[in-house]
Structures are given as structure tokens and as C-alpha cells.
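Student: Could you put the whole structure together from the sequences, leaning on the hints where they help?
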Amino acid sequence: MTKRNAFMVLSSDDEDEKSSSKLKSFFCHSDSKGQKQPCFSVPRSRSCKQSRIADEFELFGEDFKEVFTGVKVSNGSGTGTRKELWADRYKPCTFEDLAVHKKKVDEVKAWFEQKIQVSKGNHDSNVLLITGPAGVGKSATVKVIASHLGAMLFEWSVPTPTIWQEHMYSSNTGMQYISKLDEFEIFVERIRNYGLVSPSITGRPLSPVILLIDDLPLTFSRIAYTRLKNSLHLLVRSACSPTVILITDTDHSDSANDTTRNFEELKSFLEEVGARKISFNPITSSSIKRTLSKVCKQERCHVTAEQLDLIAKASGGDIRQAIASLQLFSINKNVSTNPTLSDSAERKDGNPSGILFGRDETLSLFHALGKFLHNKRERESTDLLDEDTFPIRDKFSRLPLKMDSPEKVLCQAHGQARPITDFLHENVLDFIDGDAVDDACVVLSYLCDVDVLLAIHQKNFSKDSDTEKVLQSCAASIAVRGILFGNDHPAPPRWHSIRKPKLWQVEKAALHNKDKLLWQRDKFHHSSDLSVIATEYTPVHRQIQHKQPDIRSATSMENSGAAGDGDGDDDTSMETDAFDDDEIEDW
Amino acid sequence: MLWVDKYRPKSLDKMNVHEDIAENLKKLVSEQDCPHLLFYGPSGSGKKTLIMALLRQMFGSSSEKVKVENKAWKIDAGSRTIEIELTTLSSTNHVEMNPSDAGFQDRYIVQEIIKEMAKNRPLVDAKGKRGFKVLVLNEVDKLSREAQHSLRRTMEKYSSSCRLILCCNSSSKVTEAIRSRCLNVRVNAPKEDQIVNVLEFIGKKEGLQLPVGFAARIAEKSNRSLRRAILSFETCCVQQYPFTSNQAIPPMDWEEYVSEIVSDIMKEQSPKRLFQVRGKIYELLTNCIPPEIVLKRLLYELLRKLDDELKHEVCHWAAYYEHRMHLGQKAIFHLEAFIAKFMSIYKSFLIATFG
Amino acid sequence: MAPVLQSSQPWVEKYRPKQVKDVAHQDEVIRVLNNTLETADCPHMLFYGPPGTGKTTTALAIAHQLYGPELYKSRVLELNASDDRGINVVRTKIKDFASVAVASGQRQGGYPCPPYKIIVLDEADSMTEDAQNALRRTMETYSKITRFFFICNYISRIIEPLASRCAKFRFKPLPQEVMGSRISYICKEEGLNLDDEVLSTLSVISQGDLRRAITYLQGAARLYGSSISCKDLINVSGVIPPEASEALFFACKSGNFDLANKEVSNIIAEGYPVSQMLNQLLDMVVEADDISDEQKARICQKLAEADKCLIDGADEYLQLLDVTSNTMRALCNMPEDFTYEA
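Chains as they are written, first to last, in the numbering used here: chain A, 3 to 589; chain B, 55 to 409; chain C, 2 to 343.
Derived by calculation from the structure, the hints in this document are not laboratory data.
All values reported here derive from a predicted model rather than from experimental measurement.
Be aware that a few hints might be false.
[To be verified] Here are the simulated lysine to aspartate or glutamate pairs, EDC-like style, with alpha carbons at most 16 Å apart:
1) B:K321 <-> A:D437
2) A:K404 <-> A:D490
3) C:K263 <-> B:E355
4) B:K245 <-> C:E271
5) C:K232 <-> B:D74
6) B:K121 <-> A:D524
7) B:K119 <-> A:D524
8) B:K401 <-> A:D524
9) A:K296 <-> A:E274
10) A:K518 <-> B:D155
11) B:K326 <-> A:D440
12) B:K401 <-> A:D437
Tutor: Below is the structure:
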């Protein structure tokens with residue numbers, strides 16, 4: 003997977019996609035390497051998740067046009083090197099090149115080493131699940147490690163059945179349509195039966211073999227999802243060479259769409275059946291900067307440290323994105339007569355003239371939460387001298403925020419009021435100074451207001467979606483601003499992890515216990531009040547039976563019971579670990 | 055079987071508290087004319103017991119042969135069909151249920167169930183038995199406004215074929231329209247000496263030796279709830295018998311837990327402590343202790359420990375946040391806000407008093 | 002089945018006056034209405050006034066007197082459940098009823114039988130504004146063949162366009178004597194023994210609402226038989242006995258929080274409805290001579306807030322405790338704000 007230029011795909015594939023594959027090639031990660039990569043089936047166009055393709059095409063299509071209208075000339079007459087993507091050219095080949103956190107790399111490497119050494123007669127699962135946002139170097143890491151270990155890397159890939167092909171199929175062109183899911187099932191079946199022995203590589207049986215699955219089929223229906231789950235289960239059980247499955251996290255925590263949720267579920271499912279999970283974090287901006295400056299040096303293009311900084315920040319931890327931005331930026335710079343450099347330097351706070359398009363301006367939820375919770379402010383008020391400012395009592399005045407307006411940040415993070423509130427509630431106490439209990443009181447009273455606001459809609463069942471929207475955004479804004487305002491004495495900056503609200507777990511457990519109480523009521527205490535059963539009968543039963551009045555033992559027992567049948571509770575802790583320390587602080 | 059159930063009087067003649075109400079109910083039934091009834095009174099005052107005894111008085115022992123049914127109701131609500139599952143308890147002559155279990159769909163269930171009961175009502179048989187069924191609805195104060203309205207309409211429509219017995223804790227949460235259509239029966243909490251009598255009666259039946267003043271102490275701690283008193287009595291007996299006169303009367307485990315929380319927050323007022331307390335409250339909520347009861351208990355414990363000048367303010371905020379809790383969705387927000395408020399008040403009070 | 006139905010008929014229905022002239026105490030209204038009845042030509046009408054003063058009775062009596070028992074069913078539509086009257090009901094039910102034409106006026110069996118229908122809308126003030134607006138159109142469309150009788154407690158909640166189309170009749174609250182005589186009449190009919198003290202208690206607790214008084218009376222008679230005491234009445238009515246409310250008020254005056262708390266707990270344990278307690282507390286505070294206006298204002302404001310909270314479903318104990326503590330602070334002139342700043 004290194005040196006086949008993505009443009010080549012174009013020629014081998016159908017023409018209908020011409021324009022789009024150009025785009026793809028522009029921003030897509032990696033692709034293909036001739037010699038080592040026997041594809042398991044028909045030539046592929048590329049691997050990318052269909053749903054995302056559609057979105058991103060649109061988005062990038064715009065950017066693309068925007069940029070290239072100005073660059074047309076240079077694009078045509080560009081030198082040979084320019085044709086290649088920097089993101090491909092500077093694909094990491096050694097550990098030093100990898101921008102991924104060393105700890106994570108070591109973790110993955112250790113896993114591989116262990117698996118390769120004892121791959122025979124080892125009963126643990128041979129499947130490793132790597133998750134993380136796009137462009138954090140998941141596949142790069144695997145590839146570097148593979149080449150380091152001298153292992154052969156096989157990638158499962160299928161031709162992406164495009165929408166067009168699907169259409170052709172349905173309009174009876176006679177083309178055999180095999181869904182990706184079918185392919186995957188066949189593949190897993192083959193792996194199970196014959197192992198990874200493919201005729202083309204039998205010549206070199208000595209080197210260890212690593213299988214990489216970067217591109218799980220998307221599933222839209224429940225049935226398809228179950229099928230996928232089954233084959234994955236088979237795979238996890240029966241894989242005899244180390245197998246890596248990559249799943250890209252999507253930022254949108256609202257999980258409104260099925261696919262995202264399915265992936266979330268898959269993750270926990272894979273873990274359940276025994277796959278090891280390692281999750282990657284967005285790459286820190288300092289690390290991105292380092293890589294970028296390395297690239298700059300080699301390309302001999304001059305970019306100032308500030309610009310690198312901006313690019314790195316805008317990329318949101320996506321190194322592929324950062325390199326692409328850099329390439330685009332340098333193209334643009336060469337062409338445009340007036341250097342955007344000074345421009346962007348001047349407008350430090352503004353959007354640097356549209357060149358550095360970050361990841362379509364989205365922020366991860368965690369990122370946004372971090373901003374709110376840390377509540378960073380300027381040292382001194384700038385508009386003190388401004389005559390227009392409304393006089394406020396000292397008690398209520400706050401220094402200006404060191405961020406965009408909270409509503410904008412919210413919007414970028416796609417935050418919905420309820421989860422945002424829950425997250426803030428869970429975490430905010432950590433960020434308040436140890437003595438400032440008054441602040442805690444103010445903050446919590448705002449959250450309490452938000453809860454009331456959010457309940458209004460629930461209780462009225464009004465179908466008026468406009469009011470709901472207004473309520474939602476008001477509530478979110480009150481939550482965020484309430485926290486920013488209330489936390490007048492933030493705790494000294496310190497490493498904090500952002501936890502998933504424990505409340506969700508509590509609610510689930512409470513529901514579970516309520517069912518139990520209901521059952522108990524039907525059985526023993528006919529039609530008594532539930533609260534009476536909870537507060538009187540149950541404790542008495544406990545006291546009489548155990549003679550050991552201790553609610554804690556009882557709760558923890560019930561807690562674990564509830565956690566057991568709820569899915570993904572362990573996932574919670576994993577996710578929280580994921581966002582440790584520097585990431586948050588770095589933002 | 056717990057003593058509460060074992061010694062629950064089965065008939066109106068055997069009531070050991072509320073004899074007067076029992077007497078009146080008997081008169082009511084004998085007149086062949088039973089209006090709709092609304093029983094209200096605090097928890098543990100004996101409403102349920104009275105109702106069950108009343109049913110027995112009306113229908114004889116057949117009212118005790120009940121079966122528990124988990125029934126699914128399909129209800130046509132205009133554009134869509136709603137399915138609701140609800141557990142009912144029924145004998146040949148009566149049906150008993152907690153319509154508030156159906157959550158916000160309660161209004162449908164009330165209508166539907168009464169309609170169905172009215173449809174297959176028992177006919178008057180030769181012996182002149184009553185030709186109506188009785189529907190016992192518990193916790194009517196928890197019904198939504200809409201459900202109460204629909205209950206009222208249904209009451210009028212089907213009053214010829216069934217009689218309603220409603221049961222609730224606070225009658226101010228039942229609409230005037232319903233109250234005025236029912237005969238209201240207030241069941242007050244028994245006085246402490248009445249509780250003592252019942253406890254002594256049970257003690258005698260169980261053949262227990264009660265030290266002087268022991269029953270009185272249990273009664274005092276019961277907050278005038280007879281059920282609570284009998285439950286603690288049994289717990290005491292299980293934990294230590296023979297009784298000693300100074301034997302501790304164990305509070306419910308969650309109450310103990312709440313008092314732990316209170317001493318936590320009196321000791322230290324900081325965000326960190328608040329966070330620890332949150333964990334404890336989560337445990338209470340996980341065990342389905344209703345948040346308003348947690349809040350009330352918190353207040354109770356705080357009032358015991360505070361100086362007079364703080365009490366007013368604390369009880370004000372307790373009322374404030376309890377109200378907000380009903381407006382909002384997630385009780386923890388409000389409980390915690392109350393505790394934070396208290397911490398803030400208490401801290402500034404400490405600073406003002408002790409510098 | 003029959004006996005059950007018979008005896009369970011509410012006295013309110015049983016003793017409802019059948020003729021307009023029998024309606025108690027509303028002399029002017031009756032005079033005007035009698036004229037209309039004679040000519041059998043009535044306008045749209047709006048009856049308003051406190052509950053239990055005879056509004057519904059009058060409306061129904063007019064209808065009965067106009068049509069007699071036979072035609073009554075086909076000519077009169079009664080709608081009285083407040084929530085059954087969304088905008089759709091107004092549009093369909095009323096329309097359907099109103100649009101069927103009636104035979105021209107011929108006297109039948111001694112009743113005038115005017116050539117229009119009557120729609121009685123009870124509790125009209127709880128209709129939504131939309132529904133009222135929709136009604137206005139309907140009224141215009143069918144004004145030739147229908148008459149609307151609106152009945153409400155608060156005329157201010159009827160939209161102006163509707164109100165202006167109607168002849169308005171205000172019903173006065175019933176004074177004690179009128180109520181007393183009516184109650185005595187019922188007692189005689191039902192064979193009950195009530196002494197004067199009980200009678201006056203009844204009119205006090207029913208606050209000029211005759212319907213409520215009769216309901217209480219019937220309830221008490223059912224529970225306690227033919228001889229009824231003041232205590233029985235109070236028990237049935239849900240009114241809190243004066244001793245209990247006075248004890249609470251006294252506790253407020255004492256300035257002792259724990260004492261007040263005990264009284265509050267007691268009231269809850271006795272099962273008295275707190276909303277009722279608030280009403281009685283309000284009466285006591287408003288009538289008290291030894292409280293300054295400022296203090297009264299402070300107390301009343303809190304009472305209002307607590308009442309709202311109770312409607313929202315807040316806990317009775319906590320609200321009453323809050324009210325009590327506030328009352329105590331007002332009565333003992335403690336500062337309104339809580340401040341502990343040194």
C-alpha cells in the first residue's frame with residue numbers, strides 16, 4: 003500500500019466517476035501498493051465508507067472548486083511531483099515518522115509481536131480492533147509495524163459497488179451484483195476454511211502474515227447488521243493470523259444515524275467476543291506541527307511557524323487533513339501574488355482567508371466540552387476603556403472569553419442540549435476551584451434551569467418543532483454560558499479526563515430496578531405504592547434476611563447486575579480513558 | 055409473610071384503628087347504595103386496609119380470590135394505536151390497578167378499562183347480589199390532568215354499571231371535578247397511642263415480651279405510619295430478641311445513608327465533596343428511592359442539626375428545589391443544586407459566625 | 002340495577018329547580034328571563050357568576066320551559082366537560098347539531114316550542130381562545146335557528162366578540178339565609194335533623210356555593226345517617242377544622258420554628274389537603290387586625306406561590322413548611338432576605 007498512484011485507479015475503473023475520483027484522490031488517504039497487495043477480488047476503486055463519501059464529496063467538491071478556480075493554471079503546468087499527494091508521499095515508513103503517540107504505537111506493536119511469536123497454538127483471539135477518528139494514523143501505524151516486523155500485510159478489499167453500478171444492476175444490465183456484505187461473508191468463510199494462503203504468495207511462506215480489514219461493509223438494515231455481526235464473530239473466533247480491524251469513529255455523538263450507532267455497537271460486540279481494542283486519539287497539534295515542518299523542509303517550501311500552527315489546529319487532530327491542507331496552501335501561495343501569509347497573520351482571530359479549511363469546521367464533542375469546562379479567559383478586560391459597555395457590578399463582570407462565542411462552538415460540535423448538559427453536569431465540579439462552593443452552587447442552579455427548560459417540551463408533547471428548536475438552543479446556551487459565568491474561580495489548570503455522564507448508567511440501573519420492584523409488587527405486595535416498596539418493604543426484607551443493614555452491598559450488587567445486561571458500560575470507561583490528559587489540555 | 059400482612063384486619067368489624075370510618079362504611083354498603091369513594095390520607099394510615107375490608111363487606115370472601123393479570127391494552131387513539139401493558143388485580147367483582155404505571159399514557163388506560171368493565175358487567179342474580187363491579191384505582195393523585203379529566207367523564211358515563219374507589223395520598227392533587235363526584239373519606243394517620251395498641255396486640259399474638267416503653271419508642275419513630283411501625287417492630291424482633299428496653303430501633307438503610315450524606319456536607323463544603331455526595335445520591339436513586347423522599351429526608355436531617363436562623367432559609371430552598379424537580383426531568387440536577395445551595399449558605403454562615 | 006340508580010341520584014340533580022322562577026335569590030335575572038319566556042323569543046345568553054349560584058339550573062330550566070320534556074332531547078345540546086371541547090368539537094359537534102333544521106314553531110302540549118335549538122355550553126371559560134373564535138363563526142352562520150347559552154365563572158375569559166353577542170346575566174353569591182332555607186327544605190324532604198349551628202357551619206364551609214353545600218349534605222347523610230354534627234360535615238367537606246388551622250397560625254406567631262414544623266407535620270399526618278389549608282390561612286391572615294398591610298402582602302405573596310407549586314405537583318409538606326416559615330418571618334418581623342454576610 004504505497005506507491006500506486008491513486009490516479010491509476012481511474013483508468014482501471016469506469017469513467018463515470020472521473021470527476022469524483024479526482025476528488026477522492028485528492029483528499030483520500032493512502033492507497034495501494036503494487037507488489038505486496040494481492041486483492042482478494044476484483045480491482046478496487048478505493049476504500050471509503052460510502053455514506054461519508056457522499057457527504058464529503060459535496061463538501062470537498064465546493065472547496066475544491068473554490069480553490070482550483072484560482073489555481074487552474076498551475077495545476078495544469080505543475081511539475082511531476084505535484085501530481086502526487088503529499089499525504090501519500092510522506093506516508094510514514096519508520097516509527098520516527100509516525101505522529102501517533104508513542105504509547106499507542108508500542109501497545110499495538112507489542113500486541114503484534116506477541117501474536118506473531120505465539121501465533122500457533124494460541125487460544126486468545128487473533129483480532130485487534132483499532133478505533134479512532136479519521137486521519138489519526140490507524141492504518142499507517144499498522145503498516146509501519148508490519149514492515150518493521152517484516153510481516154506481509156494483506157488487506158481485504160472489494161470493489162466498491164457504486165451507486166451507479168447498483169442502478170445499472172437494477173436496470174438489468176446483467177452485471178452480477180454482489181454486495182459488499184456478501185463479499186465479506188465469502189471472504190470470512192474462505193479465511194476460515196483455507197487460511198490466508200493465497201496462490202500468489204505461497205512462494206514466501208516464512209514471513210508472518212498480517213491481515214488488515216479497513217473497510218467493514220456498511221449495514222443499513224437490522225438483518226444485514228446481524229449478518230455482519232455473525233461473520234465478524236466467526237472471524238474473531240477463527241482467525242489464525244493476526245487480524246486488524248479498523249473502525250473510524252465519527253465525531254457526531256448525537257448518533258442520530260443508524261450507521262454510526264451500528265458501528266458503536268459493533269465495537270462493543272467485537273470486544274465482547276474477545277477482540278482486543280485499542281483506541282487512537284486525535285493527534286496532538288504539536289505532533290502534527292512537527293510532521294508538517296518535516297514535510298515543508300523536504301518540499302522546500304517556506305511556511306512560517308504560525309501558519310503551521312494554524313494548519314495544525316484547524317486539522318482537528320487529523321494528520322492527513324493537515325498535510326493536505328499544507329499542500330493546498332503551498333500551491334496557493336506559489337500562485338497567488340500577494341502572500342496570504344501576512345494576511346492570515348493579521349487576522350489571527352478570524353478565518354484565515356478560507357485557505358486552511360479544517361475538517362469542515364467540526365469539533366468533537368469532547369473538544370467543545372473541554373473548552374467550556376476549562377473556561378479560559380483573557381488576563382484583563384480589553385473593553386474596559388470602551389464607553390459603550392454596559393456597567394456591571396464587579397460581582398457579575400467576567401473577563402472576556404478566549405474562544406469563539408459559546409453558541410458557535412456548540413454548533414460546530416453538533417452538540418444537542420440534553421447530552422451537553424449531562425456531560426457538563428458530570429464534569430463541571432472537577433473544574434471548579436476547591437474552595438469555590440458558591441460557584442458550584444451558581445453553576446448547578448443554571449443546570450437546574452436547563453433541566454426545567456428541556457422538560458417543558460417533553461411534557462407538552464407539542465408538535466411544534468420550531469418552539470422545540472428554540473427551546474433546545476436556548477437551553478444549550480444557558481447550560482454553557484451558565485457554566486462559563488458561574489465558574490468564576492476555575493481550578494488551576496490540571497489534567498482532567500472528561501467522563502461520560504454516570505447519570506446515564508444510573509438511569510438505566512434505576513429502570514432495571516424499577517422493573518424488579520414492579521415484579522415484586524405483583525408478586526407480594528398487591529398494588530402498593532412503588533415508593534413504599536422501595537423505601538420500606540425492600541429495606542426491611544434486606545434487614546430481615548441479611549440482618550446486615552447495608553445499602554451499599556445491595557446497591558453494588560444490583561448495579562453490577564444492571565451493568566451486565568446493559569451494553570457498553572465497559573465501553574464507557576474505555577472511552578473516558580481515551581481522552582486523557584494532554585489531548586484536552588492541548589486544545 | 056410479614057407481620058404487616060399477617061395482621062392486616064380482613065373485615066370492617068375487625069379494624070383496630072379507624073373503627074369509626076369502618077362503621078360508617080358498613081352503613082354505606084348496607085344501604086344498597088354505594089357512591090363513588092375517594093380515600094385520601096398519608097402513607098401508612100390504612101387506606102388500603104379499609105378498601106380491602108370494604109370490598110369484602112360488599113362481596114364476601116369472593117373478593118379475596120384475586121388473580122394477577124398482566125394485560126396488554128390496544129387503544130385506538132385517533133391516528134395511531136397505542137399498546138399499553140398494565141398489571142391488574144381482579145376478582146369476579148372488582149378490578150384493581152395503578153393507572154399511573156402507564157406513565158403519560160394514563161388517560162387512555164383509564165377510559166379503556168372502565169369502558170371494558172362496563173361492557174361485561176355482571177347481571178343481577180336471583181339472590182339480589184349487586185349488579186355492579188367495583189374498580190379500585192390507586193395513586194390517582196399521580197394521574198395527569200388529562201387522565202383525571204377523562205376519568206371524570208368516564209365516571210359520569212358509566213356510573214350505572216360500575217363504582218369507583220379511588221385512593222390517593224393528597225387530595226389537593228385530585229381535581230375538584232372528581233372530588234365533588236365522590237364521597238371523600240379522609241383517613242388520618244393513627245395517633246401514636248393507637249399505634250402502640252396495635253403493636254402490643256401483635257406482640258401478644260406473637261407471644262413476645264415487650265419492655266415498658268418499647269412500643270412507644272417504635273411508634274414515636276414511625277412518624278405516625280402504622281405500616282412503618284409494624285415493619286420496624288418486626289425488624290427489631292429479628293435482630294434482637296428478647297428485647298431490651300434501650301434497644302436501638304434501626305432506621306431503614308437508606309435513611310441511614312441519607313444521614314451519612316448530611317454529616318458529609320456539614321463537615322466540608324467544597325465542589326469535591328459535592329461530587330462525592332453525588333455518587334451517594336446516585337446510589338439512592340439507583341435503588342428507586344423517590345427523589346422527593348430523599349430531599350425530604352435530607353431536610354429532616356438538616357433541620358435536626360441546624361441553628362434556628364438557618365432553618366428558614368434551608369426549608370425555603372428545599373421547597374424551591376422540590377418544586378423544580380417536578381418541573382424538570384432529571385431529579386439529580388435539582389437534588390444536587392439544593393445541596394450546593396446548602397453548602398454555600400452554610401459556609402457563609404460559618405464564616406459570618408466564626409470568622 | 003334499578004334501585005341502585007334511583008337512590009344514587011345526586012341530590013343536586015334531585016332538587017334542581019325545574020322552573021326559572023324557583024331559582025333562589027337571583028331576582029333581577031329571573032324577572033328579565035320571565036319576560037323572554039313569555040314571548041318565547043330569547044337572545045344568545047351568557048350567565049356568569051361564582052359556582053353554585055344557579056347558572057346551570059337557570060339555563061336548563063329555560064330550555065325545559067320552552068320545549069317540555071318531549072322535545073327537549075332533540076332541541077337542546079348540553080356540553081359540559083371542559084376538555085371535550087377542543088376546536089374540533091366546536092367545529093363538528095355543534096355544527097352537526099345546529100345545522101339540522103327544526104320544524105316551525107307550534108305550541109305543543111302547552112310549551113311554546115320556539116323554532117330554534119338551544120346549545121348549552123357549561124364552563125365556557127375553559128374553552129381555548131381558538132375554539133371560542135371558531136364558535137363565533139358558527140354562531141353567525143346558524144343564528145337563525147340556534148341560541149347559545151354560555152355559562153362561566155369568569156366573564157373575563159370569554160373573548161369579547163362572543164360576549165358582545167350575548168345578553169349577559171350576572172349571578173350573585175347566595176347569602177346565608179337563602180342557602181339556609183334551601184338546605185332546610187332538602188333536610189325536611191330527606192328526613193334529616195340539622196340544628197341551626199350545623200346549618201350555619203354548612204353555609205360557612207360551602208362559601209355561598211349551594212351545590213357544594215348540597216353535595217356535602219348528601220355525603221354526610223350517607224356516611225353518618227340522619228343526624229349530622231358539625232364535625233361530620235367538616236369531615237366530609239375536606240375543610241380543615243378551625244382548631245387545626247389556628248394551631249398552625251399560632252405556631253407562626255410564636256416564632257418557634259420547631260413548633261411550626263411540628264404543626265405542619267401534624268396537618269400532613271391528619272391528611273388535610275394543603276391547598277385547603279392555604280385558603281384558610283389566607284382568610285385568617287386577611288381578616289386579622291393585628292397584622293400590618295406590609296406583613297399581609299408578604300404572606301399572601303408566598304401563599305400564591307405555594308398554591309402554584311402545588312398545582313405543579315410539588316410536595317405538600319415542603320410547601321406548607323415554606324409558607325409557614327415565611328409567615329413566621331413576616332409576623333415576627335425577621336428580615337425578608339437571607340443574609341449572613343458579616
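Student: Each of the hints needs a verdict: does it hold here or not?
Tutor: Hint check:
no. : hint              : verdict
1   : B:K321 <-> A:D437 : holds, 14 Å
2   : A:K404 <-> A:D490 : holds, 14 Å
3   : C:K263 <-> B:E355 : holds, 14 Å
4   : B:K245 <-> C:E271 : holds, 9 Å
5   : C:K232 <-> B:D74  : holds, 13 Å
6   : B:K121 <-> A:D524 : holds, 10 Å
7   : B:K119 <-> A:D524 : holds, 15 Å
8   : B:K401 <-> A:D524 : violated, 47 Å
9   : A:K296 <-> A:E274 : violated, 41 Å
10  : A:K518 <-> B:D155 : holds, 14 Å
11  : B:K326 <-> A:D440 : holds, 13 Å
12  : B:K401 <-> A:D437 : holds, 10 Å
In this structure, the hints that do not hold are numbers 8, 9, in rising order.
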